[in-house]
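Protein chains: 4
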Amino acid sequence: MLKLSRVLPLTSTSRHRLLEALSPRKVEVGDCLRDRPEFTSSSAGISTAANSYAAKGIALYKWYTSDRVFAPYTVYKGKAAFSLSPCLPTFTKLESGSVVVDRRGTMMMNFMHSIGERKYDWEKRQRFALSATEVGSLITMGPQDSCEFFHDPSMLSSNAGQVRKSLSIKPNSNGYFVSLTVVNNLLNTKDQFSVPITAAEFAVMKTACSFALPHIMGWDQITKQQSRGTAGLQPKSGSQVLDLEWEK
Amino acid sequence: MLKLSRVLPLTSTSRHRLLEALSPRKVEVGDCLRDRPEFTSSSAGISTAANSYAAKGIALYKWYTSDRVFAPYTVYKGKAAFSLSPCLPTFTKLESGSVVVDRRGTMMMNFMHSIGERKYDWEKRQRFALSATEVGSLITMGPQDSCEFFHDPSMLSSNAGQVRKSLSIKPNSNGYFVSLTVVNNLLNTKDQFSVPITAAEFAVMKTACSFALPHIMGWDQITKQQSRGTAGLQPKSGSQVLDLEWEK
Amino acid sequence: MLKLSRVLPLTSTSRHRLLEALSPRKVEVGDCLRDRPEFTSSSAGISTAANSYAAKGIALYKWYTSDRVFAPYTVYKGKAAFSLSPCLPTFTKLESGSVVVDRRGTMMMNFMHSIGERKYDWEKRQRFALSATEVGSLITMGPQDSCEFFHDPSMLSSNAGQVRKSLSIKPNSNGYFVSLTVVNNLLNTKDQFSVPITAAEFAVMKTACSFALPHIMGWDQITKQQSRGTAGLQPKSGSQVLDLEWEK
Amino acid sequence: MLKLSRVLPLTSTSRHRLLEALSPRKVEVGDCLRDRPEFTSSSAGISTAANSYAAKGIALYKWYTSDRVFAPYTVYKGKAAFSLSPCLPTFTKLESGSVVVDRRGTMMMNFMHSIGERKYDWEKRQRFALSATEVGSLITMGPQDSCEFFHDPSMLSSNAGQVRKSLSIKPNSNGYFVSLTVVNNLLNTKDQFSVPITAAEFAVMKTACSFALPHIMGWDQITKQQSRGTAGLQPKSGSQVLDLEWEK
Numbered sequence: 001m002l003k004l005s006r007v008l009p010l011t012s013t014s015r016h017r018l019l020e021a022l023s024p025r026k027v028e029v030g031d032c033l034r035d036r037p038e039f040t041s042s043s044a045g046i047s048t049a050a051n052s053y054a055a056k057g058i059a060l061y062k063w064y065t066s067d068r069v070f071a072p073y074t075v076y077k078g079k080a081a082f083s084l085s086p087c088l089p090t091f092t093k094l095e096s097g098s099v100v101v102d103r104r105g106t107m108m109m110n111f112m113h114s115i116g117e118r119k120y121d122w123e124k125r126q127r128f129a130l131s132a133t134e135v136g137s138l139i140t141m142g143p144q145d146s147c148e149f150f151h152d153p154s155m156l157s158s159n160a161g162q163v164r165k166s167l168s169i170k171p172n173s174n175g176y177f178v179s180l181t182v183v184n185n186l187l188n189t190k191d192q193f194s195v196p197i198t199a200a201e202f203a204v205m206k207t208a209c210s211f212a213l214p215h216i217m218g219w220d221q222i223t224k225q226q227s228r229g230t231a232g233l234q235p236k237s238g239s240q241v242l243d244l245e246w247e248k
Numbered sequence: 001m002l003k004l005s006r007v008l009p010l011t012s013t014s015r016h017r018l019l020e021a022l023s024p025r026k027v028e029v030g031d032c033l034r035d036r037p038e039f040t041s042s043s044a045g046i047s048t049a050a051n052s053y054a055a056k057g058i059a060l061y062k063w064y065t066s067d068r069v070f071a072p073y074t075v076y077k078g079k080a081a082f083s084l085s086p087c088l089p090t091f092t093k094l095e096s097g098s099v100v101v102d103r104r105g106t107m108m109m110n111f112m113h114s115i116g117e118r119k120y121d122w123e124k125r126q127r128f129a130l131s132a133t134e135v136g137s138l139i140t141m142g143p144q145d146s147c148e149f150f151h152d153p154s155m156l157s158s159n160a161g162q163v164r165k166s167l168s169i170k171p172n173s174n175g176y177f178v179s180l181t182v183v184n185n186l187l188n189t190k191d192q193f194s195v196p197i198t199a200a201e202f203a204v205m206k207t208a209c210s211f212a213l214p215h216i217m218g219w220d221q222i223t224k225q226q227s228r229g230t231a232g233l234q235p236k237s238g239s240q241v242l243d244l245e246w247e248k
Numbered sequence: 001m002l003k004l005s006r007v008l009p010l011t012s013t014s015r016h017r018l019l020e021a022l023s024p025r026k027v028e029v030g031d032c033l034r035d036r037p038e039f040t041s042s043s044a045g046i047s048t049a050a051n052s053y054a055a056k057g058i059a060l061y062k063w064y065t066s067d068r069v070f071a072p073y074t075v076y077k078g079k080a081a082f083s084l085s086p087c088l089p090t091f092t093k094l095e096s097g098s099v100v101v102d103r104r105g106t107m108m109m110n111f112m113h114s115i116g117e118r119k120y121d122w123e124k125r126q127r128f129a130l131s132a133t134e135v136g137s138l139i140t141m142g143p144q145d146s147c148e149f150f151h152d153p154s155m156l157s158s159n160a161g162q163v164r165k166s167l168s169i170k171p172n173s174n175g176y177f178v179s180l181t182v183v184n185n186l187l188n189t190k191d192q193f194s195v196p197i198t199a200a201e202f203a204v205m206k207t208a209c210s211f212a213l214p215h216i217m218g219w220d221q222i223t224k225q226q227s228r229g230t231a232g233l234q235p236k237s238g239s240q241v242l243d244l245e246w247e248k
Numbered sequence: 001m002l003k004l005s006r007v008l009p010l011t012s013t014s015r016h017r018l019l020e021a022l023s024p025r026k027v028e029v030g031d032c033l034r035d036r037p038e039f040t041s042s043s044a045g046i047s048t049a050a051n052s053y054a055a056k057g058i059a060l061y062k063w064y065t066s067d068r069v070f071a072p073y074t075v076y077k078g079k080a081a082f083s084l085s086p087c088l089p090t091f092t093k094l095e096s097g098s099v100v101v102d103r104r105g106t107m108m109m110n111f112m113h114s115i116g117e118r119k120y121d122w123e124k125r126q127r128f129a130l131s132a133t134e135v136g137s138l139i140t141m142g143p144q145d146s147c148e149f150f151h152d153p154s155m156l157s158s159n160a161g162q163v164r165k166s167l168s169i170k171p172n173s174n175g176y177f178v179s180l181t182v183v184n185n186l187l188n189t190k191d192q193f194s195v196p197i198t199a200a201e202f203a204v205m206k207t208a209c210s211f212a213l214p215h216i217m218g219w220d221q222i223t224k225q226q227s228r229g230t231a232g233l234q235p236k237s238g239s240q241v242l243d244l245e246w247e248k
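Sequence lines, in order, name chains A, B, C and D.
In terms of UniProt numbering, the numbers along the first sequence are unbroken and rise by one, the last being 248.
In terms of UniProt numbering, the numbers along the second sequence are unbroken and rise by one, the last being 248.
In terms of UniProt numbering, the numbers along the third sequence are unbroken and rise by one, the last being 248.
In terms of UniProt numbering, the numbers along the fourth sequence are unbroken and rise by one, the last being 248.
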């Protein structure tokens with residue numbers, strides 16, 4: 001029988017510690033905007049956008065300087081902790097006006113070492129961004145399955161191969177071990193995290209990842225198009241779905 | 001073969017009894033706002049909010065004094081009944097403008113004793129708030145699995161340990177027993193509820209909880225951000241997801 | 001191996017026949033509004049609503065006289081056909097301003113006899129409205145499971161027991177038989193429909209019903225509340241989820 | 001144990017090649033609008049729509065000439081690649097004001113041959129549009145299951161039978177083979193594509209298709225109706241769901 005006692009982060013003390021952690025350095029907390037220099041540089045892109053959004057009554061500036069929502073799912077254990085949070089894709093508007101996915105979305109994981117009772121070292125955290133396909137393998141894992149992902153953050157750069165990250169999820173007696181290893185030949189460091197999680201915590205990860213997957217793929221933007229304006233627009237037409245395959 | 005006859009609450013009489021029950025004491029019906037004194041006290045918070053929402057054309061006052069939607073899933077059985085309803089998280093806006101989860105959301109359960117034909121004692125009900133992780137264990141339960149959760153409502157207070165609540169879900173011949181025990185050493189009372197549910201009723205609970213989980217985690221607010229304004233904003237950029245892991 | 005050829009309704013001819021069928025008698029096509037006399041009678045209710053919705057820029061009148069969306073999932077077979085479509089719950093606004101579910105939502109099924117090649121007798125159709133719990137048993141059915149539901153449309157009336165409807169879903173070689181029997185002692189009639197469906201068609205029904213379930217329960221209205229205005233409203237607070245269980 | 005290395009399309013080079021591919025010929029990239037001549041021809045339909053949408057503050061013209069969102073899930077392998085993207089249904093507004101599905105939605109697949117390192121021949125791609133029922137069979141496939149679909153793009157035309165398309169998904173050692181064969185007796189050509197996918201890639205397809213299914217069925221438009229205006233509108237009523245089955 002599975003037994004659960006109230007998890008740590010639900011206590012107000014740890015919650016407030018989390019808030020403090022977020023407050024000063026929010027742009028580092030699984031934040032996907034800080035990595036978008038264009039927001040300060042390309043004013044053209046902004047202005048265009050501002051116009052189109054002004055029509056929709058959205059205050060663009062305010063939006064990007066505030067209202068960023070943070071709701072990571074965090075698992076705190078004795079020696080380490082990790083948080084999981086969706087990182088939405090970015091889109092590019094082409095001259096044609098079409099909008100295409102530019103940078104894919106990910107499920108961002110942040111690992112922290114414990115540095116005292118209910119204290120975790122945010123400064124020395126390590127990040128691992130799960131791609132849609134990696135999320136796909138996570139959500140199909142059975143109780144006895146395990147998976148391992150390898151990332152090279154410097155891939156395609158002169159430093160290719162200098163830093164190696166590997167994330168593994170392996171079954172244990174009553175759940176899984178979630179482990180991250182980061183080998184950095186440039187800094188000559190090796191960092192390891194291992195967080196045991198219960199089947200229930202993994203179930204939350206799987207359900208939340210299944211919910212987030214279409215969003216990090218950008219499919220929610222496709223399905224939203226109709227609610228933004230096409231329903232009921234088309235007069236009757238005899239053309240068939242088959243035409244879609246046929247016409248070119 | 002599983003057979004179902006029309007469930008009681010679908011009769012207009014019992015539905016109206018439910019309405020009466022809700023009407024006078026709605027703020028107690030799985031209501032998550034009543035536990036937020038700040039709505040009357042901290043006028044600053046309100047005013048700030050009012051401004052930001054006025055921009056979005058939302059009448060804040062009206063919102064909190066009405067329009068609260070109640071749609072609990074209630075299972076009425078001979079000796080007791082329980083209702084299940086999502087309780088959304090609360091968010092805190094930091095000085096930085098970031099919005100972080102303050103109080104986590106839960107799946108709120110309310111248990112009531114039967115006090116006559118189709119009558120249940122709402123006054124003496126007992127509540128049990130399932131955390132995201134507890135919901136995780138519920139939605140992964142197989143036909144033969146069982147789970148048990150323990151809560152101490154006075155945890156971290158001087159009354160710690162004086163009140164113990166335990167919720168258990170255990171398989172029986174054609175479904176599960178959902179039981180709540182509340183031992184209160186302060187009032188010197190022990191309260192027990194046991195509600196047998198069918199596999200179909202449990203399936204509704206699992207499906208509804210899977211739907212609600214991302215919402216009580218606050219992830220729907222994260223994925224909604226884009227629809228609130230980022231799609232198509234970013235000019236092309238060569239930066240990779242990998243950068244997200246690398247940059248600091 | 002499962003093989004599928006293009007299903008009938010995808011041909012433009014049958015689609016247009018469907019449109020014709022819908023056009024003249026749309027209010028009968030799984031329409032959930034026609035059964036709400038209050039829309040013509042209780043002008044008070046309307047006006048109140050009109051006011052509150054005018055604020056949201058929604059043209060109430062237009063809404064109820066048009067824009068009704070019909071997208072039933074219909075399975076056409078040799079001897080009969082049935083369609084499946086979600087029927088949203090209705091809500092009641094209490095004096096307190098709270099909104100509670102009045103009439104539960106259902107998954108509405110309409111069965112029709114074949115009366116010629118690709119022709120089905122809409123006039124003599126029979127309806128069966130699956131409750132949330134009945135949907136729960138449908139979506140948990142395994143390949144070898146079967147289920148049967150019994151409804152008495154005149155339940156609680158003087159005609160109780162005069163009409164009996166039973167819907168059964170039973171496995172066959174490569175899918176299921178979906179059968180409806182309606183015995184009417186008042187009209188002295190017995191009507192039977194049996195539609196064989198493939199595993200793929202049942203998969204669509206299960207996935208679509210799982211999607212629709214939270215909506216017919218009204219939970220989408222609960223989770224929508226936050227996006228309608230509470231995110232980021234609450235100042236920090238030390239109160240815990242546990243309080244929710246404790247305070248009364 | 002399943003191992004994944006970073007997938008090709010995540011490199012900025014291949015991503016930009018994708019953007020270039022999309023830019024000039026966006027209307028061909030799984031675009032569902034190009035097959036709707038009415039947008040240029042039937043001005044009546046447009047104007048009507050424009051009015052109704054103007055009320056909702058949506059710039060109709062802008063919408064259809066831009067803001068089209070493309071976020072296909074693409075699997076690039078050595079000899080071929082395919083992309084998967086939801087194609088929303090079109091709706092028809094009847095004189096009565098009711099909105100019915102005109103052309104069903106599909107999951108559109110585009111297959112391309114490899115013509116060099118990380119180069120795929122978009123010009124000679126072949127399309128295959130999965131119907132809701134075909135999606136149903138895909139999302140219920142177990143690890144050992146396979147399925148095959150046959151389409152005749154010229155069905156019901158004088159060219160019926162001249163072109164045959166068949167899509168098959170068959171299990172292999174660590175995933176599936178997704179294969180498309182197009183035999184065209186008019187052009188006297190036979191085109192074959194075979195793309196091996198991992199279990200993880202198939203999991204993404206299944207999860208994304210499960211998310212998209214209600215949308216291609218148009219059910220999201222049904223469930224959206226309430227949020228567009230009915231919640232809290234109905235005064236109390238004693239009528240039951242059962243009435244829905246009974247009244248005619």
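FYI, nobody ran anything at the bench for these hints, they're computed from the structure.
None of these values were measured; they are calculated from a predicted model.
Every residue, glycine too, gets a C-beta built ideally from N, C-alpha and C.
Heads up, some of the hints might be wrong.
Unchecked claim - So, partial list: chain D residues that the calculated Cβ filter (under 8 angstroms) puts toward chain C:
id, residue
1, S114
2, I115
3, T133
4, S158
5, N159
6, A160
7, G161
8, I169
9, S210
Hints and how they fare:
1. A least Cβ separation of about 28 angstroms between D:S114 and chain C goes past the 8 angstroms threshold, and the interface hint is therefore violated.
2. Because the closest C-beta pair between D:I115 and chain C is about 31 angstroms apart, greater than 8 angstroms, the hint is violated.
3. Hint status for D:T133 relative to chain C: holds, with the closest Cβ pair at about 5 angstroms, below 8 angstroms.
4. Proximity of D:S158 to chain C is violated relative to the hint, the smallest CB-CB distance being about 15 angstroms (cut-off 8 angstroms).
5. Using the Cβ-Cβ criterion of 8 angstroms, the hint placing D:N159 at the interface with chain C is not satisfied: the shortest such distance is roughly 15 angstroms.
6. Proximity of D:A160 to chain C is violated relative to the hint, the smallest CB-CB distance being about 11 angstroms (cut-off 8 angstroms).
7. Restraint check, D:G161 versus chain C: the minimum CB separation of about 13 angstroms is more than 8 angstroms; hint violated.
8. Proximity of D:I169 to chain C is violated relative to the hint, the smallest CB-CB distance being about 10 angstroms (cut-off 8 angstroms).
9. Because the smallest distance between the Cβ of D:S210 and any Cβ of chain C comes to about 6 angstroms, under 8 angstroms, the interface hint for this residue holds.
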